[in-house]
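Novice: Sequence:
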Amino acid sequence: MSSLFVGRPICKSSYNLYTLPSSVCGGHFFKTSNSLSLDDDRRRSIVIIHNSELIPKHVAIIMDGNRRWAKARGLPVQEGHKFLTPNLKNICNISSKLGIQVITAFAFSTENWNRSKEEVDFLMQLFEEFFEEFMRLSTRLGVRVSVIGGKSKLPTKLQKGIEFTEEATKANEGLHLMLALNYGGHYDMLQATKNIASKVKDGLIQLEDIDNTLFEQELTTNCAKFPKPDLLIRTGGEQRISNFLLWQLAYSELYFTNTLFPDFGEEAFMEAIFSFQRRHRRFGGHTY
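Our numbering applies: residue 8 is where the sequence shown begins, and numbers increase by one.
Treat each hint with caution, since some may be false.
Okay, derived cross-link-like pairs now, SDA-like style, lysine to any residue, Cα gap no bigger than 20 angstroms in a straight line [said to hold, decoys possible]:
hint	residue 1	residue 2
1	K104	E180
2	K177	E140
3	K235	S116
4	K89	V127
5	K164	E135
6	K158	Q224
7	K208	F222
8	K160	E125
9	K235	N219
10	K96	G181
11	K206	Y194
12	K124	L82
Have a look at the derived ranges for each label pair, beta carbon to beta carbon [claimed, not checked]:
hint	residue 1	residue 2	range
13	R288	L253	18 to 28 angstroms
14	E225	D270	31 to 41 angstroms
15	E170	N229	11 to 21 angstroms
16	D209	K104	45 to 55 angstroms
17	K167	R285	42 to 52 angstroms
Note that these hints are calculated values from the structure, not bench results. C-beta: ideal position from N, C-alpha, C; glycine also.
All chains, please: the whole structure from these sequences, using the hints.
Specialist: Next up, the structure:
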């Protein structure tokens with residue numbers, strides 16, 4: 008099935024796709040034999056072709072716009088950050104249905120320590136609660152949870168929560184959620200370089216052994232079956248990657264949306280996947 012479209016599906020038996028009234032599907036997903044579809048109150052149907060070759064295996068997300076969302080409503084910035092857990096749970100649910108295998112979410116960068124102590128302390132507490140909540144989700148969906156980044160700088164209680172969650176979910180075979188905490192692309196590449204240099208110094212490898220494959224084995228994302236994102240989504244309207252997965256994003260498709268992360272729901276996520284399905288990935292080669 009090669010044809011992709013948005014809008015009311017054309018009646019064609021080969022597609023076996025149709026639109027249901029929102030009163031029937033409740034504004035959520037309904038599934039046909041070949042697709043997943045979301046229908047909103049305006050009866051605009053976004054159709055996602057449920058074909059493993061057209062579904063990204065790994066989606067990375069820069070969850071931007073929490074602070075602006077709160078400030079626009081005259082609320083403390085903490086109110087925007089509170090959407091981290093419910094929205095990521097929603098994304099994990101949708102991703103599991105679509106067959107996406109890895110989600111990497113940029114939650115706290117190496118530069119975010121420069122924010123106010125009050126905001127940083129709130130975020131650290133929020134992350135502790137996040138891991139408690141995701142233990143319940145991992146049981147229901149079989150989600151595996153990992154953290155990438157400099158964990159040693161995080162509060163001790165949070166480190167223990169991360170360690171417990173990673174150990175408890177490491178055998179799960181469902182979606183793999185990687186949360187980037189105290190993470191930066193510069194940090195990731197620097198620690199990989201140091202690890203390789205140390206192995207050369209100790210005689211474990213030779214200089215000639217260093218190639219892309221060896222370097223990627225030392226990156227923090229090596230814990231994932233598919234370490235390189237097929238698709239990067241950034242919410243909030245900014246169009247940059249902000250020191251996130253600098254090596255891994257070399258050939259990723261980039262999707263930027265003006266939607267702030269607290270408002271990033273099912274339809275917004277589906278639109279990003281549909282955009283990915285319309286693209287032709289060449290990886291530096293020719294197109295014919």
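Novice: With reference to the structure, classify each hint as holding or not holding.
Specialist: Now for the hints, and whether the structure bears them out:
1. K104 with E180: Between K104 and E180 the Cα gap is close to 14 angstroms, so the pair holds against 20 angstroms.
2. K177 with E140: Status holds; Cα separation ~16 angstroms.
3. K235 with S116: holds (19 angstroms)
4. K89 with V127: Roughly 13 angstroms separates the two Cα atoms, so the pair holds.
5. K164 with E135: At roughly 8 angstroms apart (the allowed maximum being 20 angstroms), E135 and K164 satisfy the hint.
6. K158 with Q224: holds (19 angstroms)
7. K208 with F222: holds (16 angstroms)
8. K160 with E125: Status holds; Cα separation ~17 angstroms.
9. K235 with N219: Distance ~13 angstroms between K235 and N219 Cα, so the pair holds.
10. K96 with G181: Holds. K96 to G181 sits at ~14 angstroms (cutoff 20 angstroms).
11. K206 with Y194: Distance ~18 angstroms between K206 and Y194 Cα, so the pair holds.
12. K124 with L82: Satisfied, since the Cα-Cα distance of roughly 18 angstroms is no more than 20 angstroms.
13. R288 with L253: 18 to 28 angstroms: About 19 angstroms separates the Cβ atoms of R288 and L253, which means 18 to 28 angstroms holds.
14. E225 with D270: 31 to 41 angstroms: holds (37 angstroms)
15. E170 with N229: 11 to 21 angstroms: holds (18 angstroms)
16. D209 with K104: 45 to 55 angstroms: Cβ of D209 to Cβ of K104: about 47 angstroms, so the range 45 to 55 angstroms holds.
17. K167 with R285: 42 to 52 angstroms: holds (44 angstroms)
The structure meets every hint from the earlier list without exception.
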